[in-house]
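**Student:** Could you build the full structure based on these sequences and the hints that come with them?
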Amino acid sequence: MEQALLKINHLHKTYGDQVILKDFNLEVNKGEVVVIIGPSGCGKSTLLRCINALEDIQGGEVLLDNEAVFKEKKNISKMRQKIGMVFQSYELFPHKTILENILLAPIKVQKRNRAEAEKEALELLTKVGLADRRDDYPRQLSGGQKQRVAIVRALCMHPEILLLDEITAALDPEMVREVLEVVLSLAKAGSTMLIVTHEMAFARAIADRILFLDDGEIVEESSQPKDFFKQPVTDRAKAFLKTFDYE
Amino acid sequence: MQSLGIDVLFKGTNFLRLLEGLWVAVRISLISVAISIALGLVMGMLMTSKNRILKMILRLYLEIVRIMPQMVLLFIVYFGTTRVFGWNLSAEYSAIIVFSFWGVAEMGDLVRGALISIPKIQYESAQALGMTPSMTYLYVILPQAIRRLIPLSINLITRMIKTTSLVMMIGIVEVLKVAQQIIEANRRSSPNAVFGVFAVVFLLYFLICWPISKLAGYLEKRWA
Ligand SMILES: Nc1ncnc2c1ncn2[C@@H]1O[C@H](COP(=O)(O)OP(=O)(O)O)[C@@H](O)[C@H]1O
Ligand SMILES: [Mg+2]
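So the sequences go chain by chain: A and B.
The first sequence begins at 1 in my numbering and counts up one residue at a time.
The second sequence begins at 1001 in my numbering and counts up one residue at a time.
Incorrect hints may appear among the rest.
Derived lysine-lysine pairs resembling DSSO-like cross-links, with alpha carbons at most 27 Å apart [to be verified]:
{"no.": "1", "chain 1": "A", "residue 1": "K7", "chain 2": "A", "residue 2": "K74"}
{"no.": "2", "chain 1": "A", "residue 1": "K71", "chain 2": "B", "residue 2": "K1050"}
{"no.": "3", "chain 1": "B", "residue 1": "K1221", "chain 2": "A", "residue 2": "K96"}
{"no.": "4", "chain 1": "A", "residue 1": "K108", "chain 2": "A", "residue 2": "K73"}
{"no.": "5", "chain 1": "B", "residue 1": "K1050", "chain 2": "A", "residue 2": "K78"}
{"no.": "6", "chain 1": "A", "residue 1": "K73", "chain 2": "B", "residue 2": "K1055"}
{"no.": "7", "chain 1": "A", "residue 1": "K71", "chain 2": "B", "residue 2": "K1120"}
{"no.": "8", "chain 1": "A", "residue 1": "K22", "chain 2": "B", "residue 2": "K1120"}
{"no.": "9", "chain 1": "B", "residue 1": "K1120", "chain 2": "A", "residue 2": "K74"}
{"no.": "10", "chain 1": "A", "residue 1": "K96", "chain 2": "B", "residue 2": "K1120"}
{"no.": "11", "chain 1": "A", "residue 1": "K238", "chain 2": "A", "residue 2": "K226"}
{"no.": "12", "chain 1": "A", "residue 1": "K74", "chain 2": "A", "residue 2": "K111"}
{"no.": "13", "chain 1": "A", "residue 1": "K78", "chain 2": "B", "residue 2": "K1120"}
{"no.": "14", "chain 1": "B", "residue 1": "K1120", "chain 2": "A", "residue 2": "K82"}
{"no.": "15", "chain 1": "A", "residue 1": "K188", "chain 2": "A", "residue 2": "K82"}
{"no.": "16", "chain 1": "B", "residue 1": "K1120", "chain 2": "A", "residue 2": "K111"}
{"no.": "17", "chain 1": "A", "residue 1": "K73", "chain 2": "B", "residue 2": "K1050"}
{"no.": "18", "chain 1": "B", "residue 1": "K1214", "chain 2": "A", "residue 2": "K73"}
{"no.": "19", "chain 1": "A", "residue 1": "K74", "chain 2": "B", "residue 2": "K1050"}
{"no.": "20", "chain 1": "B", "residue 1": "K1177", "chain 2": "A", "residue 2": "K96"}
{"no.": "21", "chain 1": "A", "residue 1": "K108", "chain 2": "B", "residue 2": "K1120"}
{"no.": "22", "chain 1": "B", "residue 1": "K1120", "chain 2": "B", "residue 2": "K1055"}
Some, not all, of what chain B presents toward chain A, calculated at C-beta under 7 Å [claimed, not checked]:
{"no.": "23", "residue": "E1092"}
{"no.": "24", "residue": "L1129"}
{"no.": "25", "residue": "M1131"}
FYI, nobody ran anything at the bench for these hints, they're computed from the structure.
Ideal placement from N, C-alpha and C gives every residue a C-beta, glycine not left out.
**Tutor:** Given below as structure tokens:
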């Protein structure tokens, strides 16, 4: 049996007396693409944010390579470098150029050689079709372009897993595809990803495994995304998928 | 020019004395502003901390500074503390202490405002990239906050420079005091000097504050 890359054991997360995640368990294998869908407010973002310790948790543990992500403050930077994250809203640093946005963490956090990091950054930028924008500022880019840069910025840290939280939700429809294409190519290249999305066609195409979340728990899980979308088993999943239909 | 009384400035060393007075005011402002910026940055960061008690103390400090007229603070520090504690504090040091006490509080509040105006996602995306809190502040938050701070802090700095005219109340001979002395000495020979000399003082303040506002405007545009 393959060792899971990411293990979430008995995760418990509350905000005040509101329980968001109760005894949550999940394993993600290396190279696997797990897509999480579910109604708004069910705890998807909270789950991703707990994984890289942007939220403190009230119980359980998150293990990456069998090492706890959050044990002590000293360790957290090292663990976060292995976990790339892209958020829904544009989180590029507005005072830095595209290239500087990408290079900041590799140079300052990972202490990498600038020339080497820059070479890699430009290769990645070329792959997402934005090499010519390297010296522009984020405000000069469209939403879709900014998200592609955010993906490149995460990739340049060589993360072992990528967490993508509704990265196209704030985009104009015509820009969604250009971003999702990039994610698809990452999946093909074997990246391990945990993806939250509302793009059902995309979820079906990319997922090795699909999780339907409601009220902070996994209601339905399927390793056959095509079947899941055609014929969900649980009523809650049926009701949720129905909201995307217009027939 | 006789009618404006500016000529008295060219008698003897009068103009030189005026410039010396100006230098006193500028020196006090420069030192106080430097202290205010340095400690104000720290104070602003502390004001955004999660520690309730610390926040309350800093808030109280800010309120005291805002309520107290600077002149009262000057009197307390210069006349009050020297009497009570019996130490020997020069007027200039007293002035620097008071202006810094004021400037740190006001600058701290400006820094706090600039810091909380930076969206939370900026902190989080820096952290998600593995940056430590100090890296996050240094490379991501402060550079953005400082850009927002410039126009506001320039305003504070020019206010501080202008308010240094109060220090003559504790016996410091700064530009305004020199102006008064010159006018007094020439009351008979050129009664209009009161206009001309103060006009020159006005011009001197302008010459100092105007480039600062210009610089602020330039930086604001460049970093917008
Ligand atoms: N910082 C917070 N403080 C209090 N409650 C929060 C906070 N963030 C999220 N929540 C609550 O947690 C629940 C799950 O939120 P979230 O994980 O953002 O949902 P999703 O991403 O699935 O839409 C929601 O009910 C939301 O109101
Ligand atoms: Mg969400």
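**Student:** Run the structure past the numbered hints and jot down the numbers of the failing ones, going up.
**Tutor:** Numbers 18, 20, 23, in rising order.
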